[in-house]
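S.K.: Going down the list, the sequences are from chains X and E.
Each residue of the first sequence is one higher than the last, beginning at 1 in my numbering.
Each residue of the second sequence is one higher than the last, beginning at 1 in my numbering.
Among these hints, one or two may not hold up.
[Unchecked claim] Below, a list of computed lysine-lysine pairs in the DSSO-like style, where the Cα atoms sit at most 30 Å apart:
#1 K266(X) with K191(E)
#2 K140(E) with K273(X)
#3 K319(E) with K267(X)
#4 K191(E) with K201(E)
#5 K140(E) with K317(E)
[As the list claims (entries may be wrong)] Sample of chain E residues lacking proximity to chain X, with all beta carbon distances greater than 10 Å (derived):
#6 L72
#7 A125
#8 N136
#9 A179
#10 D185
#11 K286
#12 A307
[Stated by the list, open to error] To be clear about the criterion: a stretch of chain E counts as covered by chain X if any three or more of its residues have a C-beta under 8 Å from a C-beta of chain X, and this derived list gives those stretches:
#13 38-44
#14 114-120
#15 142-153
These are calculated hints, taken from the structure and not from any lab test.
Where a beta carbon is used, it is the ideal one built from N, C-alpha and C, also for glycine.
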Amino acid sequence: MKILVPIKRVPDPELKVKLRDGAIDLSGASWVVNTFDEYAVETALRLRENGATNESHGEVVVVTIGPEEAGQQLRSTLAMGADRAIRIDGEDKALDSRLVANLLAKLIADEKPDLIVMGKQAVDGDANQVGQMLAGKLGWPQATFAATVELAGDKGSLTVGREVDAGVEYKKVTLPAVLTVDLRIVAPGSVVNNISPAGHLYGTGEGGPRYASLKGIMAAKKKPMDVKKLSDFDVDTTLATRELSVTLPPARAAGQKVADVPTLVKKLVEEAKAL
Amino acid sequence: MGNILAFCEFDGATLRASALSNLTFARAAATAHGGEVIILLVGAGAAGAAASAATYAGKVVTVEHADLAHYLAETYAPIVARLAGEHGATVVCATATSVGKDLLPRVASLLDAGMASDIAKLDAANQFERPILAGNATSKVEISTPTLIVTVRQSEFPPAEALGASGAVTAADAGAIDAQGASIDRVESQKSDRPELTSAKVVVAGGRGMQNGENFKVLEELADLLGAAMGASRAATDAGMVPADWQVGQTGKIVAPNLYFAVAISGAIQHLAGMKGSKTIVAINKDPEAPIFQVADYGIVGTWEKAVPELIAEIKKVKASR
């Protein structure tokens, strides 16, 4: 089984947002792998390995579209356990969801993976578009916002638990398919591949993506990373969606601490007229 | 000039509350595009919901077929894309629900169109404002393709009012249906008598500090007293205290009720992104330094064990005096 994981680098979401000339100031940004994409890498690794023996049953290829420095984020996913990386040279400003989906569709025609696993959205743009666009472009089924996934014993399909407004929907998709993951996918028992022993758990509590081991970091340095150019792909690079400006929303006025519950209820009734 | 194709979800014979926000956006977009709003209802029971939908727009198009009984992006997207063309739509829109978020990017790819997700404001015919970076910034975007695809943040658009007259209803052909290898195995739904979280006027939410699911009972008592929906922080849903669909936040549901109670919720950025549009926010937390107090209109520093039962008693007194 061959799994392709597209990843995006994002400015560290823990750091305060600053603006410069009507755009996000990225001059001093600290770049990290988008959280959901890191979870996608974890999902791909869990899908193709025997969790008890660490034996690998397939290939995980990570890909990003970004400048040379984005190679660092690819390298960190190689250190987690992905097998090889592809970087398509490009600048964020010259990309939008449609172009990224079109580029990935072309790459997929060459790579012929059985499955695409990606984050449901990037935590900078919060668009939540590329996975669905890619599936539509390829004519593949899509299972978005996955909280759980089970790979069938014959490796021909996935059954995906999706947290939807009505509850949890279990959607079955035949491969090849596009899977986009939500946060709960990294819980200890969220990924079942019928290769690991039944009931295998990754860690405890809320789980999480694996850390790169020292051995993994050393091994990552020797793993292949291909670099391609936008012009290697026959796609229209015109942007469909362009960012005109960025502003900071007004801060919420500071509220008041009230002494006790009767005072609170009095204020909710008389001041806020909320009760 | 172009029309606005508004994909609307329905429940039984009526539109979902979430769909009414989409229609408020659609009417504004119709003015900006010099066209009319066309409501699109797809799936089992679409024809049955048409009469009530027709009170909101001049035209309603329904598509029913046995193979469309359960929503699938794979079968719905080609229908939406085809009808957008047939009805001269320059905008295709839906509310950013779990269906809207799943469906519209796929429609966009079929139409090779640009898309703006989860928008908060319409600035011009093809310019929109939308929150980015977990709501810490607002991005203004422009779409330059002939058709624009938009999902609408429910909390930013008030529900549309019904119009005086009823619009025309037509049934459209489903065309060839191909699920492309997708099917629904089963749905585990959590039925509740409480209002929907995203459209409730009051929300009572609990966080990690509630410690376990049993302790949420007192919050549910408060919620039922106020006719409120239940919410929770990611910490509480991830710990399995309460159902995942109670989660409020960047990765859960975005809510903006009149009144939001945040109980034993510290106020992580990703939670604030989901509720800071609420009109009045009340925080109850034993940690006076908790970030939730920075967005709360009214804060009580104290334990939920003491404050919530007192709150229930006080509200009962107020209700009894009316």
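S.K.: Work down the list of hints and note, for each, if the structure agrees.
M.R.: Each hint tested on the structure:
Restraint check: the Cα-Cα separation between K266(X) and K191(E) comes to about 34 Å, which exceeds 30 Å; the hinted pair is violated. The straight-line distance between the Cα atoms of K140(E) and K273(X) is roughly 34 Å, outside the 30 Å bound, and the hint therefore fails. Pair hint K319(E) plus K267(X) holds up; C-alpha atoms about 15 Å apart against a cutoff of 30 Å. Annotation: proposed proximity of K191(E) to K201(E) holds, straight-line Cα distance about 19 Å (limit 30 Å).
Of the pairs offered as hints, the one joining K140(E) and K317(E) is violated, with about 47 Å between alpha carbons and a cut-off of 30 Å exceeded. Non-interface call for L72(E) relative to chain X: violated, since the shortest CB-CB distance, roughly 8 Å, does not exceed 10 Å. Against the 10 Å criterion, A125(E) stays outside the reach of chain X, whose nearest CB is about 14 Å from its own CB. Taking the minimum C-beta to C-beta distance to chain X, about 5 Å, the non-interface status of N136(E) is violated against the 10 Å cut.
With a minimum CB-CB distance of about 7 Å to chain X, A179(E) fails to clear the 10 Å threshold, and the non-interface call is violated. Not every C-beta of chain X lies more than 10 Å from that of D185(E), the closest at about 4 Å, which undercuts listing it as non-interface. Distance check for K286(E) against chain X: the nearest CB is about 13 Å away, which clears 10 Å, and the non-interface claim stands. For A307(E), the requirement that its beta carbon stay farther than 10 Å from each beta carbon of chain X is not met, with the minimum near 6 Å.
Proximity of the region 38-44 of chain E to chain X, defined as three or more residues with a beta carbon under 8 Å from a beta carbon of that chain, is not established by the 0 residues found. For the region 114-120 of chain E, the stated coverage by chain X is satisfied: 5 residues place a CB nearer than 8 Å to a CB of that chain, which reaches the threshold of 3. Under the rule that three or more residues need a Cβ within less than 8 Å of chain X, the assignment of the region 142-153 of chain E holds, with 4 such residues.
Hints 1, 2, 5, 6, 8, 9, 10, 12, 13 from the earlier list are contradicted by this structure; the remaining hints agree with it.
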